Amino acid sequence: MSSPPAKLRVQPDDESPAILPDELITEVLSHADVKSLMQMRCVSKTWDAMISDPKFVKLHLKRASRNPSLTLFLSKSRIDGDNNVVPFPVSCLIENPMITLPNDPYFRLRAKECRYVIGSCNGWLCLLGYSSIGAYRQIWLRFWNPAMHKMTEKLGYIWDNILGLYTHFKFAFGYDELSETYKVVLLILDEARNRTNVQILSLGDDMWRSIQSFPAVPLPFRYSNPGVNDVVYLNGSLNWLALRDSFRSIGVYGWKNVNVKEFVIISLDLGTETYRQLMPPCGFDEMSPVEPSICVLKDCLCFSNDYKRTDFVIWKMEVFGVEESWTQLFRISYQNLQSMHLDFVDLQYSQWLPLHLSDHGDTLILANKQERQAILYNLRDNRAVRTRITDDIQWFSAKVHVESLVSDILKPQVHQP
Amino acid sequence: MAQEASSSTSSKTISLKTGDGEIFEIEASAAKQMKTVQRLIDDLGDDITIPLHNVFSKELPKIIEYYKKDITGEITKDFEAEFVKDLNDDEVKVLFLAANYLDANKLFEFLSQNIADRLESKSVEYVRKYFGVENDFTPEEESKLREERAWSFRGIKEDE
Chain A
1 MSSPPAKLRV QPDDESPAIL PDELITEVLS HADVKSLMQM RCVSKTWDAM ISDPKFVKLH
61 LKRASRNPSL TLFLSKSRID GDNNVVPFPV SCLIENPMIT LPNDPYFRLR AKECRYVIGS
121 CNGWLCLLGY SSIGAYRQIW LRFWNPAMHK MTEKLGYIWD NILGLYTHFK FAFGYDELSE
181 TYKVVLLILD EARNRTNVQI LSLGDDMWRS IQSFPAVPLP FRYSNPGVND VVYLNGSLNW
241 LALRDSFRSI GVYGWKNVNV KEFVIISLDL GTETYRQLMP PCGFDEMSPV EPSICVLKDC
301 LCFSNDYKRT DFVIWKMEVF GVEESWTQLF RISYQNLQSM HLDFVDLQYS QWLPLHLSDH
361 GDTLILANKQ ERQAILYNLR DNRAVRTRIT DDIQWFSAKV HVESLVSDIL KPQVHQP
Chain B
1 MAQEASSSTS SKTISLKTGD GEIFEIEASA AKQMKTVQRL IDDLGDDITI PLHNVFSKEL
61 PKIIEYYKKD ITGEITKDFE AEFVKDLNDD EVKVLFLAAN YLDANKLFEF LSQNIADRLE
121 SKSVEYVRKY FGVENDFTPE EESKLREERA WSFRGIKEDE
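Read top to bottom, the protein sequences are chains A and B. Counting with the numbering used here, you get residues 1 to 417 for the letters of the first sequence. Counting with the numbering used here, you get residues 1 to 160 for the letters of the second sequence.
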C-alpha cells in the first residue's frame with residue numbers, strides 16, 4: 001500500500017472532491033471486472049495505457065484469481081448436440097440460486113466449430129473441435145477469452161485415424177511462466193508398443209513436436225470425452241494420476257488387481273518439458289473399488305480417495321513436490337454427503353471430484369458421477385446441500401476459470417536453445 | 001485473542017485525535033490493525049493521545065466501527081454490505097483514502113473492491129469526474145474506441 005501522500009487531504013466541507021493518487025487508482029481498477037475496464041480504457045490516454053500495461057494485466061489476474069468461476073458444461077439443445085460453456089462465479093454458486101441458465105448464443109460451442117473445453121488458463125479456454133472425414137477425424141484447437149471477446153483461429157490440427165479421440169487421446173492446457181508461452185500437451189496411448197507418446201504444441205508455433213514418452217500409464221484410460229477433467233494444471237506444471245509399470249487395461253471391475261503402490265503422480269514441467277514422479281500420500285494405503293483422483297484446491301495439489309467405503313478423504317500437498325508434506329485436509333463421511341431424496345444412490349461406490357474450496361475454507365464444492373447436481377458441503381456444520389441449477393450440467397467437465405485482460409496468447413515463434 | 005507479554009491487555013484503549021480536533025477511543029487490539037496508528041503508538045507510547053492529522057471526525061467513527069467488528073471475528077458479507085449501504089460514492093472515496101492513510105489493510109481491500117463494484121454500472125463520463133481525470137482523446141478517437149469495444153458498452157445504467 002502507498003505511504004500517506006503529503007498534499008492529499010481536503011477538509012470534509014470543502015467543495016472540491018478528493019483526488020486519488022495514481023497508485024490508489026490502480027489499486028481500485030485492479031478489482032474491477034474486465035467489461036468495466038474495457039470501457040474505462042476510453043477515460044483517457046493514460047488510462048488506456050495503464051489498463052493494457054502487462055504489469056496491470058498481471059496484477060488484475062492475481063486479484064481475479066481470488067474470485068474464480070467454474071465453467072459449466074451443458075447442453076441446451078437435445079436436437080443438434082450443441083454444447084454450452086457458461087462461466088459461473090463460484091461465489092454465486094455457493095449462494096445456490098434456483099435458476100435455469102440462459103441459452104445465450106455467445107456461450108454455444110458449435111458456432112465456434114468446437115465441442116469440448118480442454119482446460120482454462122489465465123482467462124483463456126482451450127476448446128477442441130473435430131470433423132469426420134470417412135473413417136478419419138480431423139481434430140483442432142481454438143482458444144477463447146470470453147471476458148475479452150477474443151478468440152483465435154483454429155490451429156494445432158491433428159489427424160485421428162485408428163486411435164480414438166475418445167479412448168486413446170488426452171489433451172491438457174497450461175502456461176509456462178518463464179518463456180511466457182501457453183502450451184497444449186497431448187498424450188497418445190500406443191497399446192501395440194505398450195507406451196504413451198507425448199506431443200507438445202507451443203502456442204505461436206505451427207507444429208506439434210514430440211517429447212519423451214510418458215513414464216507411466218495415465219488414468220483413467222477408458223471411454224471418456226475430451227472435456228472431462230483428468231489432468232491438473234498447477235504453477236507451470238501439468239499433473240496426471242497414473243499407474244507405474246507395464247500397461248494393462250483396467251476394466252470396470254479390474255481395480256481389485258491394482259496395488260496401492262502402483263499409483264504415481266506424473267508431473268510435467270512446462271518449462272523444461274521433463275517429468276518428475278510424485279508419490280501419493282502414504283496415508284492412502286488400501287485399495288478400494290473406487291478410483292482415486294487428483295485436483296487443485298486452494299492452489300495446492302490434492303489427492304482424493306475412498307476410505308473403506310465409509311468416508312471420502314482429501315489430502316493436500318502443502319509444499320508442491322515435497323512428498324512428506326501430504327496432509328489430510330478433510331475426511332467426510334458418506335452419511336454426511338447423503339441426500340434424503342436420493343437414498344437409492346450408493347455414494348460410497350461413486351466416483352467423486354472436488355471442484356473448489358471457498359476462500360474461508362468453509363464450503364467445498366464437489367460432484368459425484370451418479371448425481372445430476374453438485375454438492376455444496378459446509379465444512380463447519382457438516383451439511384451437504386445440492387445445487388439447484390435446473391440444467392443438466394456435466395460437473396466432471398467443470399474447469400476453474402478466471403476473468404482476465406490477457407489479450408494475446410499466440411506468442412511469435414522463438415526457438416528454444 | 002492472544003495476550004501480549006507486555007503490559008497491554010485486550011481491554012486497553014487508545015485515544016485518537018482527528019484532524020478537526022475530536023477525540024475517539026479504540027481498543028489496542030483494533031489499533032494494531034491500523035499500521036500507521038501502531039507505528040505512532042510505538043514512537044509516542046500508548047498513554048498519550050495519538051494525533052491523526054489526515055483523518056477527520058466524519059470518517060474515523062466508521063473506521064472504528066469496522067475494526068470493532070473485526071477483532072471479534074464478526075465481519076461477514078452481510079455486515080460489509082450494511083456498512084457501505086448508506087454511503088454515497090464520494091463518502092466511500094473519502095473513507096478509502098482514510099483507510100490508506102491509516103494503513104488499515106482489511107478495510108482498504110474491502111473499499112477498493114466496493115468502489116470498483118460501484119463503478120461497474122457507471123458511464124465513462126462519471127468515472128472521469130469521480131477520479132478528476134481529463135479526457136485527452138479527440139471525439140474521433142473516442143468514438144473509434146467505443147465502436148471497437150461496442151460489446152463492453154452494452155447495459156449501462158443512467159448516472160445517479
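Hints are computed from structural coordinates only; laboratory data are not their basis. Model, not experiment: these values are computed from the prediction. For every residue, glycine included, the Cβ atom is placed at its ideal position computed from N, Cα and C. Check before you lean on any hint, since a few could be wrong.
[Stated by the list, open to error] The calculated lysine to aspartate or glutamate pairs, modelled on EDC-like cross-linking and capped at a C-alpha distance of 16 angstroms, are:
id, chain 1, residue 1, chain 2, residue 2
1, A, K112, A, E95
2, A, K45, B, E134
3, B, K129, A, D22
4, A, K150, B, D78
5, B, K77, A, E95
6, A, K62, B, E109
7, B, K77, B, E109
8, B, K77, A, D48
9, B, K122, A, D33
10, A, K35, B, E120
11, A, K45, B, D43
12, A, K55, A, D80
13, B, K122, B, D90
14, A, K308, A, D346
15, A, K35, B, D42
16, B, K58, B, E91
17, B, K62, B, D43
18, B, K144, A, E180
19, A, K35, B, E109
20, B, K32, B, D43
21, B, K106, A, D359
22, A, K45, B, E141
23, B, K77, A, D362
24, A, K112, A, D80
25, A, K58, A, D33
26, B, K129, B, E91
27, A, K35, B, E140
28, A, K45, B, E109
29, A, K55, A, E180
30, A, K45, B, E140
31, A, K45, B, E142
32, B, K17, B, D46
[Said to hold, decoys possible] Estimated spans, in silico, between C-beta atoms of each pair:
id, chain 1, residue 1, chain 2, residue 2, range
33, A, D33, B, E148, 14 to 20 angstroms
34, B, E120, A, I211, 27 to 33 angstroms
35, A, N336, B, D90, 45 to 51 angstroms
36, B, T72, A, T390, 36 to 42 angstroms
37, A, K261, B, R39, 39 to 45 angstroms
38, A, G361, B, D42, 30 to 36 angstroms
39, B, T72, A, D33, 48 to 54 angstroms
Report task. With a cut-off of 16 angstroms on the C-alpha distance, tell me whether K150(A) and D78(B) pass. Result -> violated (36 angstroms)
Report task. Would you mind confirming whether the straight-line C-alpha gap from K77(B) to E95(A) stays at or under 16 angstroms? Result -> Holds: K77(B) and E95(A) sit about 12 angstroms apart, inside 16 angstroms.
Report task. With respect to the beta-carbon atoms only, verify the hint that K261(A) and R39(B) lie 39 to 45 angstroms apart. Result -> violated (56 angstroms)
Query - Restraint check for K144(B) with E180(A), where alpha carbons must lie at most 16 angstroms apart - result: Cα-Cα ~31 angstroms, so violated.
Query raised in the report: Is the straight-line distance between the alpha-carbon of K45(A) and that of E141(B) 16 angstroms or less?
Result: Holds: K45(A) and E141(B) sit about 10 angstroms apart, inside 16 angstroms.
Query raised in the report: Taking only the CA atoms, is the gap from K45(A) to D43(B) under or equal to 16 angstroms?
Result: Distance ~43 angstroms between K45(A) and D43(B) Cα, so the pair is violated.
Report task. Could you check the hint for me, namely that D33(A) and E148(B) are 14 to 20 angstroms apart, CB to CB? Result -> holds (19 angstroms)
**Report entry** Distance restraint evaluation - E120(B), I211(A), Cβ atoms, bounds 27 to 33 angstroms
**Finding:** violated (44 angstroms)
**Report entry** Assessment of proposed distance window 36 to 42 angstroms (beta carbons of T72(B), T390(A))
**Finding:** holds (40 angstroms)
Report task. For the pair we were handed, K45(A) and E142(B), check the Cα-Cα distance against 16 angstroms. Result -> Given that 16 angstroms is the threshold and the Cα spacing comes to 10 angstroms, the pair holds.
**Report entry** Hinted pair K17(B) and D46(B), Cα distance within 16 angstroms
**Finding:** Roughly 13 angstroms between the alpha carbons, so the hint for K17(B) and D46(B) holds.
Query raised in the report: Does K62(B) pair with D43(B) here, judged by a C-alpha cut-off of 16 angstroms?
Result: violated (25 angstroms)
Taken one by one, the earlier hints fail for this structure at numbers 1, 4, 8, 11, 12, 15, 17, 18, 19, 27, 28, 34, 37, 39, listed in ascending order.
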